[in-house]
Amino acid sequence: MRAKEGIGLVITTVAILLMLYELFYVNLTRGGIGARGQVTTDAVLICAGFLLILIGPWLWLGEVPVAIRKFVEARTGRKL
Amino acid sequence: MYPILILLVVLLIYGVAYVFHGKKLLERRVVKADGSRLTPAWEKFDGVDYVPANKYVLYGHHFASIAGAGPIVGPATALAWGWLLPLVWVLFGNIFIGAVHDYTSIMASVRYGGVSVMTVSENVMGRRARYIFLAYVWFALVLVLAAFLSVASSTYVAVPTAATVAIVYMPLALLFGLLVYKVGLSVRKATLISLVLVVLAIVYSFYAPTHLAYEGWVVVLALYSFIAAALPVWYLLQPRDYLNAYLLWAFVVLAVIAPLLTPVLRFTGPAYVSFIVKGGVVGAPAGSAPAGWDIGWFWPMVPLVIACGALSGFHSVVGSGTTSKQLSNELDALLVGYGGMLTEGAVSSLAVILPAALVWDFTSIAQSAGIPLDLLLKAGIDVKKTPNILAFAGAPRFYTAYGFAQAVAWSRLLGVEAFPTLYTGFSTFAAWALTAFVLTTLDTSNRLARFAWAELFDWLKPRSPTVHRLLTNRWVASALAVILGAIMAYPKIEDPLRPGVFIYAYSIVWPAFSGTNQLLAALALLTTTLWVYAILRVRGAVSALMLVPALFLWVTVTVALILWLIYVVPYLPLLYIVGAGTIVAISVVLDFLLIALFTRGLLQARRL
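Read top to bottom, the protein sequences are chains A and B.
For the first sequence, the residue numbers in this note's numbering are 1 to 80.
For the second sequence, the residue numbers in this note's numbering are 1 to 608.
Some hints could be false.
Among the chain B residues that face chain A by a calculated CB cut under 10 Å, a handful are [said to hold, decoys possible]:
id, residue
1, M170
2, L212
3, P232
4, D458
Each computed DSS-like pair below joins lysine-lysine, with the alpha-carbon atoms no more than 27 Å apart [as the list claims (entries may be wrong)]:
id, chain 1, residue 1, chain 2, residue 2
5, B, K44, B, K32
6, A, K79, B, K44
7, B, K55, B, K189
8, B, K189, A, K79
9, A, K70, B, K189
Calculated directly from the structure, the hints in this document are not laboratory data.
The beta carbon of each residue, even a glycine, is placed where N, CA and C say it ideally should be.
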């Protein structure tokens, strides 16, 4: 596994854990996430999870799926 | 008048239009689409922006990107003219202008390697037109970013469960993309799995509000827009918009079912109220003197009120921006572009205008449907305070009408006692459908701004490749647009029209947006019309079918903008004149400059 993929895997794991913690622990124990009109730690954590989940899998799994690349190569006849 | 009759007429018109106007005329005789020709998605494949997509996935993306709040709030606002005039405009504009505009924008872009319709204009109107057009669109997109950052942030503050829906929706969309592209699961199976998870997530979100201050949301959403606009399309944009389309479809299908369940109920609203309404309807800022004047003439002002449902310039930027770069086959463009626009028209006509016309007078419809007024009160509708649908403003007018019409229909099956619960459920669903596409617009606009920015600086490439590479880097270009947008969405200023009331900075220029957006539609349609005439060499009655609507739209929008400059701008406070007034004035100048270039291009093409 390359460094980029390793970082992606770590980010993905952290993001999922953050979201699960906020959605299923904080929400169920406090009846919601964050406080109205404020910037709280819980709100920051779930938003961080939301943003990190966008980046993590992309770094981890790479930009172009092999399936798409092979498909394009077969159709266009050029090597990508 | 019975809603079911209008429903059947609308569906028939759309069906006939798709086959005869779309397929037989535009696809076969005008554009001559060829399924064997490689599209830019294949020829310029880069794994980020140029990626071939399944036609249903792309239809979902295109539809979800063009269907923001526009097809809903616009027709709801236009009900001030009665229900018939807006319906006629939606049908006419949708078929003869909007669908042609969207489809030809995609196809012109595809034939030029996936560049924007602004860059296509260089081939028919010259280089000057292209750069003017690109700069204009880039600024318009930054304004859209500012507005949607603000609207989304305000929405999430007001409806914290909608914020949770947005947060949990993204990982599920990513999952769909990974299932299809990485795991190799069929689209059908991946759709089924994802939709089940989406429904569960939405239901759970209803009990999990996420609270954050407005300023916090602006920062989070700006970061979201920055990241999402630079990520590969297969990774987030395609799967998310594809799943979004199901929500919109559910929303339209329910709107179609309702009249079928209530075939004997008649419209309670007037087909025609007046040809002239108050200026507030056509975008005179609230609190200004023109907002109360009778300056809202149906023509030429209607395109400023009803945008996306009939036609919108933003669509040409989407069509020739993200859509054309993902089109796998030229023959898919009809479903994606023409079909996408008709579906959006169906949202306006069937899900907004029809329910409003049915439930317009709350007392009458309650009596006809056998629903006691105390049940209406229990549902939160006080007929003394709000006797009819016009008592509500744009967006609440829509979800009240939609929720009411659905509740009336389904309470015939479930019993009138269920009316309050049904009304609350369906009006909440309608409000969610309205906000579901805000995030889509946020990152699609930024991606489109990035494309426009890159095309704007292509002249730099041979002169200074390093500077060009830096300026057009996808992360740099994404950051630039969203930072400017956030700067306009973040600060609050005191509204000069309403002392003591604070508004977000972008609001000062936002009143100009509807006009500039529709001017963009007119210019994009003129560009593709000229492309068809000059490059594809389509002549005679067939080319007139494009040229006449294009010129009609140009005249309509130009007259509307000039009237806006005469009747609204001079009576606004200085800050608004500097903001919205300047933009409209610049737009009118550019409008005449570009029509001159169009005329020159047309005359040159005629001589060939």
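Taking the least C-beta to C-beta distance, is M170(B) closer than 10 Å to chain A? holds, 6 Å
Checking one constraint from the list: CA of K70(A) to CA of K189(B), max 27 Å. Satisfied? Within the cut-off at roughly 22 Å; holds.
K79(A) and K44(B): Cα distance at most 27 Å? Holds, at roughly 12 Å.
Hold the hint about L212(B) up to the distance rule: shortest CB distance to chain A must be less than 10 Å. The hint holds - L212(B) has a Cβ within 10 Å of chain A, the shortest such distance being about 4 Å.
Holds or violated: is there a CB of chain A closer than 10 Å to the CB of P232(B)? holds, 6 Å
K189(B) and K79(A): Cα distance at most 27 Å? violated, 31 Å
Is K55(B) within 27 Å of K189(B), Cα to Cα? It holds: about 16 Å lies between the C-alpha atoms, which stays within 27 Å.
Go through the hint on D458(B) and say holds or violated, using the shortest Cβ distance to chain A against 10 Å. The hint is violated - D458(B) has no Cβ within 10 Å of chain A, the shortest such distance being about 23 Å.
Is K44(B) close enough to K32(B), meaning Cα to Cα at most 27 Å? This hinted pair holds, its Cα atoms lying about 22 Å apart.
Consistency with the previously given hints fails for numbers 4, 8, ordered from lowest to highest.
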